[in-house]
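Chains as they are written, first to last, in the numbering used here: chain A, 1 to 339; chain B, 1001 to 1144.
Derived from the structure by calculation, the hints contain no laboratory data.
There may be inaccurate statements among the hints.
To be verified - Quick list of in silico lysine-lysine cross-link-like pairs, DSSO-like style, CA-CA up to 27 Å:
id	chain 1	residue 1	chain 2	residue 2
1	A	K12	B	K1018
2	A	K13	B	K1106
3	B	K1004	A	K12
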Amino acid sequence: MTLFAEFREKLKKLYGEHSTYLLPVIKFVLALVVFISINRTLGQLQVLNSIFVVLIVSLLCAVLPFQMTAIFAGIFVLAHCYAIGLETVGVALVVLIVLEILVLRFAPEKNMALLLTPLAFGLGVPCVIPILFGLLGGVASAISVAAGVFIYYFIHFVGTNAGSLAFTSFADAPAKLELLLNGVFKSPEFYLSLAVCVIVTLLVFGIKSIAASYAWNIAIILGSVVYFILYAVGGGILQTSISIASVAVAAVAACIIGLFVKLFAFDVDYKEMEQFQFEDDDYYYYVKAVPKVCGRKTTKEQFHQSKNIKDESNEMPYHEESSENIDYEKKLEESLKNL
Amino acid sequence: MINKKKVQVMTNLARSEKNMGKKKLTLSQYRKRDYVGRALIGNFFLVAIAYVFILVLWAGAHITYLLDNINRMNLFWLGTMILSGFLFLLVVYSIIAYVVYVIRYKTIQSQIREYDMQLKRLAKIYKIEEEKMSGRQDTDEEDW
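Required output: the full structure, derived from the provided sequences and hints.
In structure tokens form, the structure reads like this:
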């Protein structure tokens, strides 16, 4: 564990020193993965499927503010929908506007959720999203997660039914409109995923906020277990096509990723925890101090070590003065006197 | 010589400006009632737009039924339902918007207070520097 803590400190230092170059690289990779994922799911407009176009747009996203990646992702989705048919792009545009007005204008970290949720669903690890947003976000991040789930199901439905939704004639347009809207809004799988993700996000956030030992670990493990149970039970009741094995794999992966992220965000040593009680004129104080794990030793060990060194140096009959404590002026006077 | 304290305060100020954005800084001109009132008026129009779009989506999802049965439908009842749906959505979103914007206003106000404090600190540093400069000029004149 201390080895990891040392590695983490080095990583932090490296990021601190080279963040000017590292941040654009991270943004570039994220944009690239997101655009490739959108192209794989929808992939109707040949121009956007070209890797050169994807690379150029990703490069642009690397230097532009992070919101622009979400905007470009939206443009990609709309462009692919336009290639399918006019009614599809119309519905996609209206859905995005309604989502922005009713949900996203109140949601924090919305860009991150909108980009990462469809990506996690596409990679088969959707459980990672509610656990990460529950750990690192607030209560309101459940709204962002819910919006991300909706976007994924919309894109997924359009991608899998692109052939049926393709524009043929104006006479068929109403039937296709019905197919598109009912396909998304009447899918039991969508409502199940929406409910599970929101519940797990709130649960993880609620547990990690409790001032108890190992709260983060409990939140991650319990979140994964609840995710699995809800999907298994809900899937059985609603008779969805979600496989239990894939849900179990997603839950385990989310658990591992959550514990890894925890090491960066909240790495403390509960064994070294200390509790104090004291009082002043108005209050009694019950203080719980949990030391952070940093580098080779915990902060508490470092404190005790530095204290011991200080004590030893005070006990020593003779110790060399540090360069700051030397009074050069006095020494110069003495040497002049000798002369 | 570089004044370390001044650099520190100026860095804090620049960071606050970057985090809050110039738009939020102008919020100090508003009172809470005005800010929330303005946000609620905006909310009314946004909810109206969203409701129209929801109706369009709903109509799209039931377009075949609507086209077949529009002549037989009780339009007064349909209109009443649409209006009551809008009022319900408006009330719900007005409450949400009120709570969100009150919290936002309080958060931004505390950030602005912190920003003002930093500004005062900077002004104090400038004042001390000016006094030092004027003192040095006086001693130079006396020496002359």
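Each hint, compared with the structure:
1. The hinted pair formed by K12 of chain A and K1018 of chain B meets the criterion: a straight-line CA distance of about 23 Å does not exceed 27 Å.
2. Using a Cα cut-off of 27 Å, the hinted pair K13 of chain A and K1106 of chain B is violated, with the two alpha carbons roughly 35 Å apart.
3. The hinted pair formed by K1004 of chain B and K12 of chain A meets the criterion: a straight-line CA distance of about 26 Å does not exceed 27 Å.
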